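Asks: Residue numbers (this note's numbering), protein chains in the order written: chain P, 20 to 367; chain A, 35 to 388.
Don't read these hints as lab results, they were simulated from the structure. Just so you know, these numbers come straight off a predicted model, no measurement behind them. Note that CB positions come from ideal geometry on N, CA and C, so glycine has one too. Among these hints, one or two may not hold up.
Among the chain A residues that face chain P by a calculated CB cut under 7 Å, a handful are [to be verified]:
id	residue
1	GLY212
2	ALA317
3	ILE345
Distance ranges between label pairs, derived from CB positions [claimed, not checked]:
id	chain 1	residue 1	chain 2	residue 2	range
4	A	ALA352	P	TRP70	27 to 35 Å
5	P	LEU354	A	PRO236	47 to 55 Å
6	P	PRO273	A	VAL272	25 to 33 Å
7	P	ARG159	A	ALA352	21 to 29 Å
8	P	GLU328	A	GLY328	23 to 31 Å
9	A	ALA55	P	PRO190	44 to 52 Å
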Amino acid sequence: MSQSPIAGPAETAPVTAGLAAPTDLGPTGPLGGGGGLPSRRRFGRESLFRWFTTASGAVVLVVIVAIAIFLIAKAVPALRADKANFLTYKDWFPDDPTNPKFGIAALALGTVEASVLALLLAVPVALGIALCLTHYAHRRVASALGFVIDLLAAVPSIVFGLWGRDYFYKPVQDFSAWLHRYFGWIPLFGSGGPYGKSVLLGSAVLAIMILPIITSLSSEVFRQTPKMNEEAALALGATKWEMIRMAVLPYGRPGLIASVMLGLGRALGETIALALTLGATYTFSIDLIENGGNSIAANIANKFGEASETGRGALIASGLVLFAITMVVNMIARLIVYRRREFIGSAA
Amino acid sequence: MTAAVANALEARRLPRWAPAATAVAAAALAYIVFALGGVLGGGPVLTVVGAVVFFLAGLALASGIVEGSRAARNRIATALIYSAFTLALLPLVSVVFTLVSKGTARLDAEFFGHSMRNIGPQDNSGGAYHAIIGTLEQVAIATLITVPLGTGGAIYIVEYGRGRLALAIRFFVDVMTGIPSIVAGLFILAFWVLIVSPHLSPDGLPFYSGFAASLALSVLMLPTITRSSEEMLRLVPVALREGAYALGIAKWKTIMRIVLPTALPGIVTGVMLAVARAAGETAPVLLVAGGGAGINFSPFHGLQNSLSIFIYDQAGSASTYAPARAWTAALTLVALVLTLTIAAKLLSRRNKLR
Numbered sequence: 020m021s022q023s024p025i026a027g028p029a030e031t032a033p034v035t036a037g038l039a040a041p042t043d044l045g046p047t048g049p050l051g052g053g054g055g056l057p058s059r060r061r062f063g064r065e066s067l068f069r070w071f072t073t074a075s076g077a078v079v080l081v082v083i084v085a086i087a088i089f090l091i092a093k094a095v096p097a098l099r100a101d102k103a104n105f106l107t108y109k110d111w112f113p114d115d116p117t118n119p120k121f122g123i124a125a126l127a128l129g130t131v132e133a134s135v136l137a138l139l140l141a142v143p144v145a146l147g148i149a150l151c152l153t154h155y156a157h158r159r160v161a162s163a164l165g166f167v168i169d170l171l172a173a174v175p176s177i178v179f180g181l182w183g184r185d186y187f188y189k190p191v192q193d194f195s196a197w198l199h200r201y202f203g204w205i206p207l208f209g210s211g212g213p214y215g216k217s218v219l220l221g222s223a224v225l226a227i228m229i230l231p232i233i234t235s236l237s238s239e240v241f242r243q244t245p246k247m248n249e250e251a252a253l254a255l256g257a258t259k260w261e262m263i264r265m266a267v268l269p270y271g272r273p274g275l276i277a278s279v280m281l282g283l284g285r286a287l288g289e290t291i292a293l294a295l296t297l298g299a300t301y302t303f304s305i306d307l308i309e310n311g312g313n314s315i316a317a318n319i320a321n322k323f324g325e326a327s328e329t330g331r332g333a334l335i336a337s338g339l340v341l342f343a344i345t346m347v348v349n350m351i352a353r354l355i356v357y358r359r360r361e362f363i364g365s366a367a
Numbered sequence: 035m036t037a038a039v040a041n042a043l044e045a046r047r048l049p050r051w052a053p054a055a056t057a058v059a060a061a062a063l064a065y066i067v068f069a070l071g072g073v074l075g076g077g078p079v080l081t082v083v084g085a086v087v088f089f090l091a092g093l094a095l096a097s098g099i100v101e102g103s104r105a106a107r108n109r110i111a112t113a114l115i116y117s118a119f120t121l122a123l124l125p126l127v128s129v130v131f132t133l134v135s136k137g138t139a140r141l142d143a144e145f146f147g148h149s150m151r152n153i154g155p156q157d158n159s160g161g162a163y164h165a166i167i168g169t170l171e172q173v174a175i176a177t178l179i180t181v182p183l184g185t186g187g188a189i190y191i192v193e194y195g196r197g198r199l200a201l202a203i204r205f206f207v208d209v210m211t212g213i214p215s216i217v218a219g220l221f222i223l224a225f226w227v228l229i230v231s232p233h234l235s236p237d238g239l240p241f242y243s244g245f246a247a248s249l250a251l252s253v254l255m256l257p258t259i260t261r262s263s264e265e266m267l268r269l270v271p272v273a274l275r276e277g278a279y280a281l282g283i284a285k286w287k288t289i290m291r292i293v294l295p296t297a298l299p300g301i302v303t304g305v306m307l308a309v310a311r312a313a314g315e316t317a318p319v320l321l322v323a324g325g326g327a328g329i330n331f332s333p334f335h336g337l338q339n340s341l342s343i344f345i346y347d348q349a350g351s352a353s354t355y356a357p358a359r360a361w362t363a364a365l366t367l368v369a370l371v372l373t374l375t376i377a378a379k380l381l382s383r384r385n386k387l388r
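When you get a sec, could you build the whole thing from the sequences and use the hints?
Replies: Spelled out as structure tokens, the structure:
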């Protein structure tokens, strides 16, 4: 196993660790003539600076814990008032004064449905682009195209949502009708129309949005394949595709899994684009082309304006579920990356 | 196995014109089957898709017969990889085209000089001046909050951090980059708007503000800035630090005077990318800023709008003139975000550490 060419944390940490900072030498004072070493002081600038940096690093931990605490604090009263089972009830009537009922079942299933479909659409294309950028396209072309992918990543989600709702719905509508006409016997395409905001539309927009992140993370992984392995495969007479299957893909597998999971995390939390392109109903259906579909995040954006006290609490409770799901997905993804001690860029 | 050639140099190959010829044949076949024949409903899109499928099948067949199955698979993979690329460019081109064609209708002085105060559904005027102010102020405050904290945290991870705390911080910085933006909004809603703000207002009621939006954006920017600064600090050669230590310079001074200035271009790039992302965020701002139609320069008092929620509002409005305003605001927002992104990328190209 060759070391990764870019210095990861494991390689640099010991180097800096071995460096004894001058201040660590203790208050021994000058040994002879000339200047002396700075002595260690308890409230000196050194310890002040060190304290400041440690505190700002710890802010991240504080914020994550605070998110959990405050969301729970505001969710519990609403959950107490809930007359239905929060985990299995599908509808959303938290602001009913006498009988508030709300549950996350349809929303959670809808979130997973839209995200998984988006992944199915985006991952093959993203891997294709990543391979194209790293192994197929000419270097100059690849850097220009990588730039274009970065631009795609920079477009705000509200713009994709607006585009999806005002423009992209038309081709999806036609495609839905076509799917139903020729493949209507599959339950996924059962709806006979009229077609509008559907899971298919939402997922397609979502797929376009998570494409850049999966592309940039996985091309980062592909780029690190040891040149030796690639050349060895080619020298044994492998075609380019065989070389990719033998050398590039196995080497990058953990990184690929991680990048797909990070894309999934992004998809699960995407809000505004889905608020504009999903049908916002509280039923769950495997029919992808009928009007409908909803997600936890989109529901928060849609319902927030009209929510009163309990309604807000209910939305916060659903946000807590979303927070828990995305934390788990992200932590698993990062653990996979860390175990390989691979370097994944800051594109996430 | 008589024809099997062991030597790759002498193996039979398709002539160079074969892919082009296959492409022409596939296009012709698709035209006949789908455009003229109307199989599966016909139509131009289906014809193009059919042509691609026929091309792949034809190439596989020809290559499989002449060159063998391994080469055929190789050709298919290559063709698929390039078509994935073309496929990904389509939405980008379409978004840009739609933005420019729909967004220029209201691209006038009125749009950039007026708010939506007293603009009814029947008025074809009004603008996003208040929203632009909101976006700029909120993002600026968020940057002021996160840059010291983010670089400070990065310095801790790279220069001071040891043991479990450093590992935990590093890990959770990465995890925090994946927190959904709406959750950041809900957190600030629960923490700042509902719990803290009643103590700050004279009437004891919770209130929305631009500052709350800045806090929500800070939650999103902090991990990205920490992560990118950390990477840049790691790229600073150890020899520079050792040189400074050898001269007897204190560690904090080495970091402030030598390490940070060396890494500065990279850190600035990371900050600009984080700012660009924050400027485009809608969900967190939607929950805590409150919107509002009038001009409000103060992020601490009263409702404040932002470009992204302006777009969301106008997109949901029933007025006939609202879509044009939404698209122009979208064009403005994309111009702002892309300018920042491109500037950041150009800056990072000049970064000598890379």
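Asks: Failing hints, ascending?
Replies: Numbers 4, 7 and 9 - these are the hints that the structure violates, sorted from lowest upward.
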